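Protein chains in written order, with my numbering: chain A, 11 to 386; chain B, 11 to 386.
In short, the hints are calculated from the structure, not lab data. Treat the hints with care, since some could be wrong.
When chains are identical, the list treats them as one kind, so a pair holds in a single copy or across two.
[What the hints assert, rightly or not] Below are the SDA-like pairs computed for lysine to any residue, each with C-alpha atoms no more than 20 Å apart in a straight line:
1) K155 <-> D28
2) K155 <-> D31
3) K125 <-> N326
4) K155 <-> S309
5) K125 <-> I382
6) K126 <-> R325
Computed from a predicted model, the values in this text were never measured in an experiment.
This is what each chain is made of:
Number of protein chains: 2
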Amino acid sequence: MVSIAVLGYGTVGKGTVDLIDENRALIAEKIGEDIQVKYIVDLRDFAGDRNEKKLTKNYDDVLNDKEVSIVCEMIGGSHPAFEFTMKAFAAGKSVVTSNKEVVANFGTELLAEAKKNGVSYLFEASVGGGIPIIRPLNNCLAANKIRKIDAIVNGTTNFILSQMFEQGVSFADALATAQQKGYAEANPSADVDGVDAARKIAILAAISWGELLSPDHVYTCGIRDITGADVAAAEKMGCTIKLIAHASRGEDNKLQIFVSPCMVKNDNILSTVRDVFNGVAVSGDFVGDTFFYGRGAGSDPTASAVCGDVIDAARNGRAKDRSSWTPMDPAAVRAYEDIESVFCVIDEKGEPSFTEKTTLRALSAKCGKARIFRLI
Amino acid sequence: MVSIAVLGYGTVGKGTVDLIDENRALIAEKIGEDIQVKYIVDLRDFAGDRNEKKLTKNYDDVLNDKEVSIVCEMIGGSHPAFEFTMKAFAAGKSVVTSNKEVVANFGTELLAEAKKNGVSYLFEASVGGGIPIIRPLNNCLAANKIRKIDAIVNGTTNFILSQMFEQGVSFADALATAQQKGYAEANPSADVDGVDAARKIAILAAISWGELLSPDHVYTCGIRDITGADVAAAEKMGCTIKLIAHASRGEDNKLQIFVSPCMVKNDNILSTVRDVFNGVAVSGDFVGDTFFYGRGAGSDPTASAVCGDVIDAARNGRAKDRSSWTPMDPAAVRAYEDIESVFCVIDEKGEPSFTEKTTLRALSAKCGKARIFRLI
C-alpha cells in the first residue's frame, strides 16, 4: 500500500483526492500496489466533508507516519510550502507539487535537498497544468541542445486576449467575463501582469539549461494596456496577440528570457491556442520544432499531472537520476532591449508595419510614441 | 563510461551516432558519466567511413562485451530485429529501438523478456519520430483513463495530402514529388496503404490500455484513391482530409481502432499538421484534450528520441517499473462498420453533406455509390 498525504485542500488538492478515488484501480495497477490518501492537511475546517476523517491541521501527523512515502504539496505560495517541502525530504518522503511559485523561487535548493535525502521532487503540474511538458523536456528531449521555447502558459490572459480578438471586447470587459467564469481572481495581477508566466518560463528554462534564474530577473510585461487599436492592427497584419513566455539560448550562451504580449502570425501554431488552453513550442538542435498543447489549469487537468508524478514517485521515488539545478547569474541574461527580433510598429495613425530584424533599443530611439510589438 | 552498440548503420543508425558525437558532453552530463558508441553492427561494407573502426559484421562481438549495456536496434523489420533484441536481453543489455514493426508485432514478448532479465526496452522513436509521445502517455498521463487518440503518424501520406490540398495536384503527382524529395520509397505501399500508421496506432493503443492488438487486426485503408473531387468536397465543407490513425475505448470497453482517410474540420488542431509533420491528439478522463506535434521522421528527430531513451536506459536501465502488455483478443475490437461517427457523404454529383451520428453499416445500405468519409 502506497500512502500519500495531500497538503492544502483547495481546488487542486480536492481534484487530486477525487482523481485517486475515481481511478484508484488504474493507478494501483500502474504502481503495482494499492494507493490511499491517508492524510489531508489543511488549517481550515471542512465539517461534513466526505474526507473529514483524513483531515488534520497538524503536519507532524504526516511527518511522523513512516507509512507516508509521498507528500503532495498544493498549498501554493512560497511559505510555508518551502518549509513543509524541506521537512518532508528530511523525513524521507518524496514531494509532488503544482506550486510554480515555490519551484521558481526555491527549485535549486529543493532539488538539492531531495537528492541529498534520496527522494524525488516532481513538479509536472507546475507548468501547463495537465500538459506533459516537464518530463518530455527532462527526458525525451534530453539529448538535444534546447534552442528556444515560446509558450502560452497562462490560461487567464489567453482567455482575455481570445475574447478581445473573437468578441471585439475591451480588456476591462474581457477581464470581467474571466472573473465571472472563475478564470481570473478578484485581484488578477499575478495573471494579467505576467508574474505567473514569468515563474513558469523560469522553470522551463531551468529544465532546458540546468540553471534557475530568479523570476524577479525575468523581464515581465502583462496585457493590461492592450487596446482595440492593437487588435485591429494585429488583424491587419495577419496576426493575433498572445502573452508569450520566451526563453532561448544561442551560440554565445546568453539567456534571452521574457514575458510580453507579442504578435503571432496566424500560420504559427501558437495562434491556434485559444480560450484557457496553453501551448508550449520547443525547438531543439536535433528534434527541430515540437509543440505541446492542452488545458493549462483547472482542478482535473492539474490533478492528472500531479497523479502522474505520484505514480512516478511511487515506482521510482528513490531513483538517483533526478535533475539538479544551479542558480543562474543574472549577468548571463541578455537585456530585453538587446534581444533581436522582427517587430510590428503601429504608428500614431494606427498603421502597422513589420521591421527588419533589429532590437528594441535601436527601434525606440526612432519610433517615438509608436506602439511596438515583438513578432515571434 | 556507458558503452552502446548501434545495430544497423542506415539513416537512423547514422543519425544516432552523429548525435552522440555532437552532443556527447551534454549527454554525459545528464547520465553522470561519459558515453561512447563502441560498436556499429552492419553486414554492409563502409570502407573509408569515419566510424570504420567501430564497424563489425559479428553481433557476437556486442553480446560478449560486458562493457556494452545498451543496444540501439535500428535494423528495421521484424527479423532479425526480434532475435537480436531477445539476445541482447539475455545478455543483460537494455535495448532502445525506432523499429515500429518489431514493437507492433512482438512488443508483448519483448517487454516480458526485458522485464525477466531486469533490463529496459524503450521505443520512444517508434511513433512520431522526435515527438515525445510514448513517455508522456506512459508516465505523465498514467493516472488517466485514456478515452481517445486521433493521430497523424505518417509523414509521407501527410505530405502527399498537403500537396493535394495546397497545390491542387493529383495523388500520383504528389506521390512522385514525395519520392523525388526522399519522403516516399520507390515502393510506397507501407506508407500510402496505411500499414505504417496501423503499426503505430497499435503501439499507442497498447500503451494506453495495456493490451497489444496485432496490426493485422487494425482496419486499415490508405490514401491511394483520394481524388480531386474529394479535395473539392472537403474544402466546400470547411475541412481537409488527413490519414487518421484512431483508437478509442468507451464505457463498454470495446476497442475502436482504425487507419483511414478522414475529414478534419479546419478548426480541429489536427488540420494544422501540414507537410511531413506528425501530430497526436490524446484525450484522457482528467486531463481532457492534449496534443503533441513535431517531426515524425528523418534522421535527426528520430535520433533525438533514440538518444533520449539511451539517457533513460543509462540512468535507469535496471528500473523495475517498465510497462508490460498482454496480447489483445481481436474479439474485443468493434467492427469498423459499427463505429459510430458523423460522416461526410459525397453524392454522385460531388455534392457533400454531413450526416447525423451513425455507423458505416447503416449508411452503406442507403448511400449506394456515394463517397463516404468519417469526420473526426
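* Contradicted hints - numbers only -> Failing hint: just 5.
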